[in-house]
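Trainee: Below are the chains, spelled out letter by letter.
Number of protein chains: 4
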Amino acid sequence: TQASAFGLKDPSLIKFQGFIDGKWVDAKNGEKISVTNPATLEELGTVPDMGLSETKEAIDAASRAFPAWSRTTAKHRHDILLKFYSLMKEHHDDLGRLITLENGKPLAEGKGENTYSASFLEWFAEEAVRTYGEHIPSPISNSRNVVIKQPIGVVSILTPWNFPSAMITRKMGAALAAGCTTVIKPPPETPFSALALAELATRAGVPDGVINVVPTLKNVVEVGKEMCENKMVKKVTFTGSTPVAKLLYGMAASTLKKVSIEAGGNAPFIVFDDANVDEAVEAAVICKFRGSGQTCICANRIYVQSSIYADFASRLAEKVAAFKIGNGLEEGITHGPLIHSRAAEKVARHIDDAVAKGAQILVGGKAIPNTSFFLPTVLSDVPIDAQINKEETFGPLASLCKFETEEEVVKLANDSDVGLAGYFFSRDVGRVWRVAERLEVGMVGANTGAISQAVIPFGGVKESGIGREGGHGIEEYMNTKLIVFGGLGMHG
Amino acid sequence: TQASAFGLKDPSLIKFQGFIDGKWVDAKNGEKISVTNPATLEELGTVPDMGLSETKEAIDAASRAFPAWSRTTAKHRHDILLKFYSLMKEHHDDLGRLITLENGKPLAEGKGENTYSASFLEWFAEEAVRTYGEHIPSPISNSRNVVIKQPIGVVSILTPWNFPSAMITRKMGAALAAGCTTVIKPPPETPFSALALAELATRAGVPDGVINVVPTLKNVVEVGKEMCENKMVKKVTFTGSTPVAKLLYGMAASTLKKVSIEAGGNAPFIVFDDANVDEAVEAAVICKFRGSGQTCICANRIYVQSSIYADFASRLAEKVAAFKIGNGLEEGITHGPLIHSRAAEKVARHIDDAVAKGAQILVGGKAIPNTSFFLPTVLSDVPIDAQINKEETFGPLASLCKFETEEEVVKLANDSDVGLAGYFFSRDVGRVWRVAERLEVGMVGANTGAISQAVIPFGGVKESGIGREGGHGIEEYMNTKLIVFGGLGMHG
Amino acid sequence: TQASAFGLKDPSLIKFQGFIDGKWVDAKNGEKISVTNPATLEELGTVPDMGLSETKEAIDAASRAFPAWSRTTAKHRHDILLKFYSLMKEHHDDLGRLITLENGKPLAEGKGENTYSASFLEWFAEEAVRTYGEHIPSPISNSRNVVIKQPIGVVSILTPWNFPSAMITRKMGAALAAGCTTVIKPPPETPFSALALAELATRAGVPDGVINVVPTLKNVVEVGKEMCENKMVKKVTFTGSTPVAKLLYGMAASTLKKVSIEAGGNAPFIVFDDANVDEAVEAAVICKFRGSGQTCICANRIYVQSSIYADFASRLAEKVAAFKIGNGLEEGITHGPLIHSRAAEKVARHIDDAVAKGAQILVGGKAIPNTSFFLPTVLSDVPIDAQINKEETFGPLASLCKFETEEEVVKLANDSDVGLAGYFFSRDVGRVWRVAERLEVGMVGANTGAISQAVIPFGGVKESGIGREGGHGIEEYMNTKLIVFGGLGMHG
Amino acid sequence: TQASAFGLKDPSLIKFQGFIDGKWVDAKNGEKISVTNPATLEELGTVPDMGLSETKEAIDAASRAFPAWSRTTAKHRHDILLKFYSLMKEHHDDLGRLITLENGKPLAEGKGENTYSASFLEWFAEEAVRTYGEHIPSPISNSRNVVIKQPIGVVSILTPWNFPSAMITRKMGAALAAGCTTVIKPPPETPFSALALAELATRAGVPDGVINVVPTLKNVVEVGKEMCENKMVKKVTFTGSTPVAKLLYGMAASTLKKVSIEAGGNAPFIVFDDANVDEAVEAAVICKFRGSGQTCICANRIYVQSSIYADFASRLAEKVAAFKIGNGLEEGITHGPLIHSRAAEKVARHIDDAVAKGAQILVGGKAIPNTSFFLPTVLSDVPIDAQINKEETFGPLASLCKFETEEEVVKLANDSDVGLAGYFFSRDVGRVWRVAERLEVGMVGANTGAISQAVIPFGGVKESGIGREGGHGIEEYMNTKLIVFGGLGMHG
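Chains as they are written, first to last, in the numbering used here: chain A, 1 to 492; chain B, 1 to 492; chain C, 1 to 492; chain D, 1 to 492.
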C-alpha cells in the first residue's frame with residue numbers, strides 16, 4: 001500500500017484524508033496536495049486540498065461538539081489527554097520517523113520533536129485540573145465574588161511545517177484541556193504528522209468533532225479567512241511568519257476574536273568577553289543550526305565582543321565544517337535539507353548581500369544544486385546594515401558581528417521590530433541580570449541556548465507575537481467569568 | 001474667568017488645552033471643540049480639536065519618557081499613584097461636579113464616579129508592587145527558569161463619555177503602575193475630567209511625557225489610526241462601541257499590537273419565580289436606570305417568569321414613575337439627561353419598534369422636546385424579535401419579556417453576539433450555579449445588580465471585548481519574560 | 001506460603017518485614033506484631049515490632065538518601081511517582097483486597113480507597129513540576145528578589161488504620177514529590193498496605209532510603225518520640241487522634257520541627273427545612289456510615305429542623321435497617337466490622353449515655369458479641385448534653401437532635417473544641433453561604449456528603465489540625481527561600 | 001509631666017499603662033516595670049508589670065471583639081490600617097526618637113525602624129483586600145469547590161526589644177488585616193513603642209479589644225503560658241530566642257494552636273575571591289553592625305577566601321575603627337549601646353573564647369565599664385571550633401575565618417542547628433545560584449547585606465523558625481476553608 005512506503009511499524013497512522021467530525025474525508029472536488037520528502041524530493045503521498053466548504057463543515061462540527069465536551073469535568077479531559085500522551089510515546093519511533101520524512105530534520109531531531117510534542121499533552125492534561133478560579137474578598141458585606149474559568153469555544157489552529165507535530169500539540173493540547181473544540185489547518189508541506197495526531201486522538205477517546213483537520217494549499221486564503229471570521233469560532237491561534245500573522249489578526253478583528261500569535265523572531269546571540277567560550281560555541285552550534293536553522297528561536301545574529309571574536313569565529317567554523325549533511329533517516333547525519341528550494345534561495349540572498357557588503361565566508365556558503373540542501377555556513381565580519389541583521393534567515397547561516405561594549409550590543413540587539421528569543425554568554429551575575437532585563441525579547445537564554453520546555457512561557461514581544469504558549473498557556477483558551485453572589489442576608 | 005463658570009472650589013482643575021509632554025497646549029491650527037452641558041445645552045467651554053501632528057508629538061513624548069519611567073521601582077510608582085489618589089479624594093466635590101456638568105448624571109452619581117475612578121489608582125498602586133514573576137522548576141539540572149514582568153511600552157488609551165473619569169483611571173492607573181507611558185484620547189463630549197486628571201497627575205509627581213491627553217473631534221479617524229498604528233505604541237486599550245472596537249482592533253493588527261477592548265453589552269436581566277421580587281425590582285431600577293441607562297453593563301433585556309410577571313411589571317413601573325428628572329446638580333433629581341439628542345432618538349426608535357410589534361408602554365415613552373431628556377420608560381410584553389432584544393438601547397428604557405422555563409430563558413439570554421454582563425434572581429442554590437455558568441457573559445450578578453468594583457475582573461466575552469480590567473488587569477500592560485540561567489555548574 | 005493466604009494475584013506484594021534503606025528487615029530482637037482480620041478475628045500474618053534502634057537506622061538512611069533525592073529534578077520525581085501510580089492501578093484488585101483484609105471495610109470501599117490512595121501519587125507527581133517560586137519586584141533598584149521552594153528534609157510520617165493506604169500516600173506522595181525522604185510508622189492494625197506501597201515504590205524506581213517503613217506496637221512511644229525529636233528529621237506529619245496529636249506536637253517543639261496534623265473531628269450534619277430531604281437522607285447514610293463510621297470526616301452529630309425531623313428520622317432509620325453487615329469480602333455486604341472490640345465498646349458507651357439521658361433507639365443499638373461488629377444504629381431525640389455531642393464516636397451510630405433556628409444550630413455545631421468537616425442541607429443560596437461561612441470547620445459540604453478529593457485542601461481548624469493535605473499540600477513539605485541578587489550595577 | 005521628659009512633639013503618645021479592651025489600665029496589684037534608656041542607664045518611666053489575671057482579661061476582650069471585627073469587610077480593615085499607617089508617618093520623628101530612647105540605636109536607625117515598621121501596616125492593608133480564595137475544578141459534575149480564607153481568631157503576639165516597633169507591626173498588621181484580634185506582650189525593655197502603637201491604632205479607629213497590650217516582667221512565665229494555652233487563643237506568634245521559642249511552641253501544642261516563630265540565627269557571611277571586595281566590606285559593616293549587631297539577621301560568622309583574606313580583614317578593621325559610639329540621639333553617632341550589660345557580657349565571653357583558641361583582635365575587643373556599650377570589634381583568625389561559630393553573639397563583634405574552597409565553606413556555613421539568613425559575595429553567576437541554593441537558611445543575600453523589606457518572605461529554616469512574615473505572611477493568620485456546593489442539578 002501507499003502507507004507502507006513510509007516504513008512505519010503501524011502503517012495505519014498514515015492518513016491520506018482530512019478529518020472532519022470524526023470521519024476521514026476527501027476534498028469535495030477531489031483535489032489533492034502532493035507531499036514531498038525534502039531530502040529526496042520524492043512524493044511521500046497526497047492529502048486532500050480542501051476549501052471553504054470543508055472548512056465550514058469542520059467549524060460546524062466543532063461547534064456542535066463544543067457543548068458536551070466543554071461540560072465534561074476537567075478530570076475527564078485530563079484522563080483522555082494522558083491516554084493520548086501514552087499513545088504518542090508508544091508510537092514514538094513511527095512518529096519520529098514520520099516527522100523526518102516530511103520535514104527533513106535528522107531522525108534524532110524527529111524523535112526529539114515527538115518527545116517534545118507529546119510533553120504538551122501531558123503538561124496540559126495536568127493543567128486542566130488546575131484551572132483554578134478565585135474567590136475575591138468583596139467590599140460589599142452582602143455579596144461574594146467567585147471567578148471561574150470556562151473554555152472559550154471553538155478554536156482555529158494554524159501551524160507551520162518546521163515542527164509538524166509540536167506546534168499542533170502546544171495549541172491543541174491546551175485547547176482540549178480547557179474544554180475547547182478545534183479546527184486545525186496543518187501546513188501543506190507536513191500534513192501527515194497532523195493527521196496521525198488526529199488518528200491517535202480518536203484512539204484515545206477524543207469525541208467526534210472535537211478535533212478536525214483541514215489540509216489546504218490552493219485555497220489557503222479563503223480557508224484562513226473562514227477560520228478567522230466565522231462567528232462560531234471564538235479564538236484563533238497561529239504560529240508562522242509575521243506578515244501572515246498580521247493578515248490573520250486583522251481578519252480576527254472583524255468579530256473581536258481573541259488571538260494567540262507566535263510569529264517570526266530574529267534572535268540575537270551575544271558573546272561577552274567574560275563568557276565561557278567553549279560553552280558559547282557549543283550553544284551557538286545547537287541554537288543556530290537545529291532544524292538547519294529553521295526554528296523561530298534560532299540565533300540569527302551573532303555578536304561577539306572584540307577581544308574574543310577571532311577565537312570564537314574560528315572555533316565555530318571548525319565545528320560547522322564537521323557537520324554531516326544528508327537524508328535525516330541515515331545513520332550519522334547531523335543536518336538535513338531545508339524544507340524546499342525557496343528556503344535555500346533566501347539563505348543565498350542573505351549571503352550574497354552580506355558578502356557584497358564586506359562579509360567573509362568562513363565555511364559553507366552555497367546550496368547543493370537540484371536539492372533542498374544548503375551547506376551550513378559561517379559568515380564573519382558581517383556589517384550591521386546587512387540584510388541578515390534585519391530579518392530572519394531561517395536557514396543554516398551563522399552571521400558574526402563584532403562589538404565593543406555592553407551598551408552598544410544591547411542597542412544593536414534591540415534594533416528590530418521583532419523580539420522572540422535572545423541569547424548571551426557572560427559569567428558576571430550583574431551583567432546577566434542587566435542584559436536579560438534589557439533585551440527586548442520574550443525569552444532569554446543566559447549562558448544557554450536551550451530555553452524551550454513545556455513548562456515555560458513561550459512567546460515574544462513587539463511583532464513577534466501575542467500571548468504565551470506552554471506554561472500557563474491554557475489561560476489563552478479560557479474566559480474569565482465573574483459571578484457575584486448577592487442577596488445573601490449577610491449584613492455588617 | 002471661563003474656568004470660574006464651572007463653580008469649582010479649585011478652578012485651576014479646569015483646563016482648556018491639551019496636555020503633551022508635560023505642557024498645556026492648543027491645537028496647532030487653533031481649532032476648538034465646544035463642550036456642552038447636556039442638561040442645559042449651554043456651552044461649558046472649549047478644548048483644542050487636535051490632529052495627527054499633535055498625536056505624533058504625544059506619542060514621541062510618551063516614547064521618550066518610557067525608559068526612565070519603566071525603570072523606576074514599582075514602589076516608587078506605587079507612592080506616586082497613591083499621592084494621585086489622595087488628590088482625587090481631596091478634590092472629590094469638584095471632580096464629582098465636573099462629571100455632572102459635562103456628562104449630565106446626577107451629582108450623587110458624579111461623586112460616586114469620582115470615588116470609583118479614584119479607587120483604580122489606589123488599587124493599581126497596590127498592584128504595582130505585586131507584579132510577581134515566577135521561578136519555574138527546571139527539568140534541566142543545570143538551568144534555572146525565572147519569569148519576570150516588564151512594562152509593555154507606550155499605551156494608547158481611548159475612552160467614552162459615559163464615565164468621563166473612571167474609564168480613564170481604570171486603564172491609565174494600570175498602565176502607569178506597570179511602568180508604561182500613555183497617550184489618552186478623551187471623548188469630545190467630556191474632555192474636562194480627563195484634563196483635570198492630567199493636572200492632578202502632574203501635582204502628584206508624574207513626570208512629563210508619562211501622561212498625554214489629546215482631545216479631538218473632527219480628526220478622530222486619523223488620530224485613532226495613528227494611536228493604533230504608530231510603531232512606538234505597543235498597546236491599545238479602548239472602551240466604547242463594538243463597531244469602533246473592530247476598526248481599532250483591525251488597525252492594531254497591522255503592527256501586531258496587543259489590545260484590550262471593552263465594547264458594547266446587551267445585558268439580560270432574568271427574574272425567576274423563586275426570586276425575592278422586592279430585591280429584583282430594586283436591582284432592576286438601579287441596574288437599568290443608572291446613568292439613565294447609559295452604562296455598558298446596564299440591563300437591556302428583562303425576562304420575567306410568567307407566574308410573577310404581572311406583579312414585577314407593575315412594581316417596576318410604579319418605581320420608575322416616581323423618578324425625578326432634571327439637571328443633575330439640583331437637589332432631589334434622581335435621573336439626568338442623555339448625553340445628546342442623538343441618544344434620545346435611538347431610544348425612541350427602540351420604543352416605536354417594540355410598540356409596533358405589540359409591546360405596551362407602562363410608563364414614560366417619549367423624549368422631552370428640544371432637550372436631551374427622555375422620560376424613563378417601562379415597556380411590557382415586548383416580543384422576542386423586537387430590536388431592543390438585538391442591540392443595546394443605551395437609554396432609560398426597561399423592556400420586559402415573559403418566559404416559562406430556565407432552559408428557554410438561558411437560550412434567549414445567550415442569543416446575542418455580545419456578552420458583557422448578565423443578571424438573574426433566584427433563591428435556589430442549584431439554579432444560581434447553573435444559570436451563572438451557562439450565561440454567555442463575562443460578569444454575572446446573581447441576586448444583585450451591583451457587580452462592579454476595582455477588585456473584580458471587568459470584561460466580556462464574544463464581541464463584548466478582549467481582556468479584563470480592574471482586578472489583575474495590570475497584567476494587560478506587562479510582558480512576560482522568561483530568563484533561563486544556564487551554565488551554572490550544577491549537575492545531577 | 002503465608003503470603004498466599006491473602007489470596008492476591010501477586011503474593012509478592014505481601015511483606016512480613018519492615019523496610020529500611022531499601023532492605024526488608026526484621027526487628028533486631030525478633031519481636032513480632034500479630035495482625036488480625038477484624039471480620040474473622042483470625043491472624044493474617046505478622047510484621048516486626050520495631051523499636052528505637054531500627055527507627056534511628058531508618059532516619060539515618062533517610063538522611064543519607066536526602067541529598068541525592070532532593071537534587072533530582074522535579075520532572076524526574078514526577079516520572080517516578082507516575083510509574084508508582086501506574087503500579088497501584090495495575091494491582092488495583094490486590095491492593096483493594098488487602099485493605100479489606102486488614103481493615104474490614106467492604107471490598108468496594110477497599111478498592112475505592114486504593115483508587116483514592118493512588119490519586120495522591122498522580123496529583124503530587126503533577127504538583128512536583130509546579131512548585132513555582134516567585135520573582136518579587138524589589139523596592140531597591142540594584143537588587144532582584146527571587147523566591148524558590150526547596151524540600152524541607154527528612155519527614156516522619158505517622159498514620160492510622162482507618163485508611164491503611166490513602167493516609168500514607170497523601171503524605172508520602174507530597175513528601176517525595178517535594179524531594180523529601182521519609183520514615184513511615186504504619187498502624188499496627190494495618191501494616192500490610194504500607195509495606196505493599198514500599199514494595200511498589202521500589203519497583204517504580206524510588207531509590208533506597210527514600211522510603212522507610214517501621215512497624216511498631218509495644219515500642220510506639222519511644223519510636224514516636226524519636227521520629228519527633230531526632231535532629232535529622234525536619235518535619236512530622238500525623239493523622240490520628242487529637243490526644244496523640246498533642247503529644248507528638250509537643251515533642252516536635254523540642255527541635256522546632258514543622259508539623260502537619262490531621263486529628264479528630266466531630267462533624268455536624270444539619271438538615272434545614274428547605275432542604276431536599278431525599279438527598280439529605282442519602283448523604284447521611286454515606287457520610288455517617290462509610291467505613292462503619294470510622295472516618296475522621298464522618299458525620300457525628302445530626303441536627304434536623306423540627307418541621308422535618310420526624311420524616312427525616314424515619315427515612316434514615318429505614319435505610320439503615322436495610323444494611324447488610326458481614327465480612328467485607330463477601331458479595332452484597334454493605335458494612336463491615338469495627339477495627340476491634342475496643343472500638344465497639346465506645347459506641348456502646350455513647351448509646352448507653354444517650355439513652356440514659358432520654359434518647360430513643362430507632363434501629364440497631366448493640367454489638368454482636370465476640371466479634372468486632374456493631375449493629376448500625378440510629379438514635380433519636382438525643383439531648384444536647386449527651387456524650388456523643390461532645391466527642392467523636394468513630395462508629396456506626398447516627399445521633400439525631402432537633403433544632404428550631406439557623407442561629408441556634410450554628411451555635412450548637414460550633415460548640416466543640418474541634419472542627420474538621422461539617423455538612424448541611426438547604427436550597428436557599430443565602431443560607432448556604434451564611435452557614436458555610438459560619439461553621440467553624442475546615443471543610444464544608446453544602447447539600448453533599450462527598451467532599452474529599454485529591455485536589456481539595458483537606459484539613460481542620462481548632463483542635464482538628466495544622467496544615468492542609470491534598471491540593472496545594474506539597475507546600476507543607478517545602479521551605480521558602482528568598483534569594484536577593486544584589487550588586488547588579490543597576491541604578492535608577 | 002513624666003511624658004514630657006521624652007521630648008516628643010506629641011507627649012500623649014507616651015503611655016505608662018497597659019491597654020486592655022480599649023482602656024488604659026494599671027496592673028491590679030500596682031506593680032511596675034522600670035524602663036531604662038540603655039545609652040544613659042537612666043529610667044525613662046514605668047509601665048505596669050501585669051500578670052495572669054490581666055492576660056486573661058485581655059484574651060477575653062480580644063475574644064469578644066473577634067466576631068464583629070472578623071466580619072468587617074477586608075476593604076474596611078484596609079482603610080483603617082492605612083489610616084493607622086498615615087498616623088505612624090505623621091508622628092515619624094516622635095516614634096523614631098522613642099525607639100532610640102528605649103532601645104539605644106542611633107536616631108537614624110530609630111527613624112529607619114519607624115519607616116520599616118509603618119511599611120508593614122501599608123503592606124498588610126493592601127494584602128487584606130487580596131486574600132483570595134480559589135475555585136477548584138471539581139471532578140464531580142454536580143459539585144463546585146470554593147475555597148475561602150477566614151481569620152484564624154485571637155492571636156497572641158510576643159516580641160523582642162531589638163525592633164521595639166517593627167516586630168509588632170509585622171505580626172499585628174498581618175493579624176488585623178486578616179480580621180484577627182490580638183493580645184501583645186511587648187518586651188519589658190521597650191514597651192513604650194508598643195503602647196504608642198496602641199494609642200495610634202485607637203486614633204485610627206481600631207475598635208476596642210482588637211489590640212490589647214500586656215507588659216510584664218516578673219510574671220512573664222505565667223503570662224506566656226496563658227497566651228499559649230488559653231483555649232480562646234487560636235494562634236501564637238513569637239520573635240525571640242530559640243530556647244524561648246521551643247518553650248512556647250511546646251505550650252501551644254497542648255491545644256494544637258498554630259504557631260509562627262522567628263527565632264535565632266547565626267548568619268554566615270562568605271566572601272569569595274571573585275567578589276567585589278569593596279562591596280563586600282561595605283556590606284559587612286552594615287550587615288554585622290546594624291543595631292550594634294543585635295538583629296537576628298546580622299552576620300555572625302564571616303568566612304573569607306584565603307587569597308583575599310588579609311585585604312578584607314584590614315579594610316574591615318579600618319572601617320570599624322572609624323565608628324562613632326555614643327548616645328544615639330546625638331549628632332554623628334553611628335553606633336549606640338547594647339540593650340543592657342548582660343548582652344555585653346556575652347560578647348566578651350565570645351571574644352575571650354576565640355582569643356583563647358588563637359584569634360587576633362584587630363580592633364575593639366572590650367566593653368566600656370559601667371555602661372551598656374561595647375567597642376565594635378573585629379576578630380581575625382577565629383578557629384572553626386570557637387563558640388562564636390556555634391551560637392549567635394548578638395553584639396558588635398565581627399569574627400573572621402579563612403577558607404579555601406566553595407565546597408568547604410558551604411559545609412562550614414551549614415554546620416549549624418539554625419538557619420535564618422546567609423550572605424555571600426561572588427561575581428560568578430553559576431556560583432551565585434549554587435551557593436544560594438545550598439546554604440541552609442531561609443534568606444540569602446548574594447552580593448548584598450540588605451535583604452529585609454515588607455514585600456519579601458522573612459523567616460528561617462531548621463531551628464530558626466516556623467512560617468514566614470511579610471510578603472504573603474497574612475496567610476499565617478488565616479484558615480483555609482473548603483466549601484463544596486453539591487446538589488446543583490448539573491449532570492454530565
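Think of the hints as simulated: they come from the structure by calculation, not from any bench.
Be careful, since some hints might not be right.
In this list, chains with the same sequence are indistinguishable; a pair is considered to hold if it fits within one copy or across any two.
With a straight-line cut-off of 30 Å between C-alpha atoms, the simulated BS3-like cross-links for lysine-lysine are [to be verified]:
1) K319 <-> K28
2) K357 <-> K231
3) K225 <-> K319
4) K75 <-> K89
5) K246 <-> K218
6) K231 <-> K346
7) K89 <-> K111
8) K56 <-> K246
Trainee: Are the CA atoms of K75 and K89 at most 30 Å apart within a copy, between copies, both, or neither?
Mentor: Answer is both; intra-copy 21 Å and inter-copy 16 Å each pass.
Trainee: With identical chains treated as interchangeable, where does the CA-CA distance between K357 and K231 reach 30 Å or less: within a copy, between copies, both, or neither?
Mentor: For K357 and K231, only the inter-copy Cα distance (28 Å) is at most 30 Å; the intra-copy one is 50 Å.
Trainee: 30 Å Cα cut-off: does K225 pair with K319 within a copy, between copies, both or neither?
Mentor: This pair counts as neither: shortest intra-copy Cα distance 45 Å, inter-copy 50 Å.
Trainee: 30 Å Cα cut-off: does K89 pair with K111 within a copy, between copies, both or neither?
Mentor: both (10 Å within a copy, 29 Å between copies)
Trainee: Within a copy, between copies, both or neither: which one fits K56 and K246 at a CA-CA cutoff of 30 Å?
Mentor: both (23 Å within a copy, 23 Å between copies)
Trainee: At most 30 Å between CA atoms: does that hold for K319 and K28 within a copy, between copies, both, or neither?
Mentor: neither (51 Å within a copy, 61 Å between copies)
Trainee: At most 30 Å between CA atoms: does that hold for K246 and K218 within a copy, between copies, both, or neither?
Mentor: Classified as both: same-chain Cα gap 20 Å, cross-chain 29 Å, threshold 30 Å.
Trainee: For K231 vs K346, is the C-alpha pair at or below 30 Å within one copy, between two copies, both, or neither?
Mentor: between (38 Å within a copy, 26 Å between copies)
In this structure, the earlier hints numbered 1 and 3 are contradicted, and the remaining ones agree with it.
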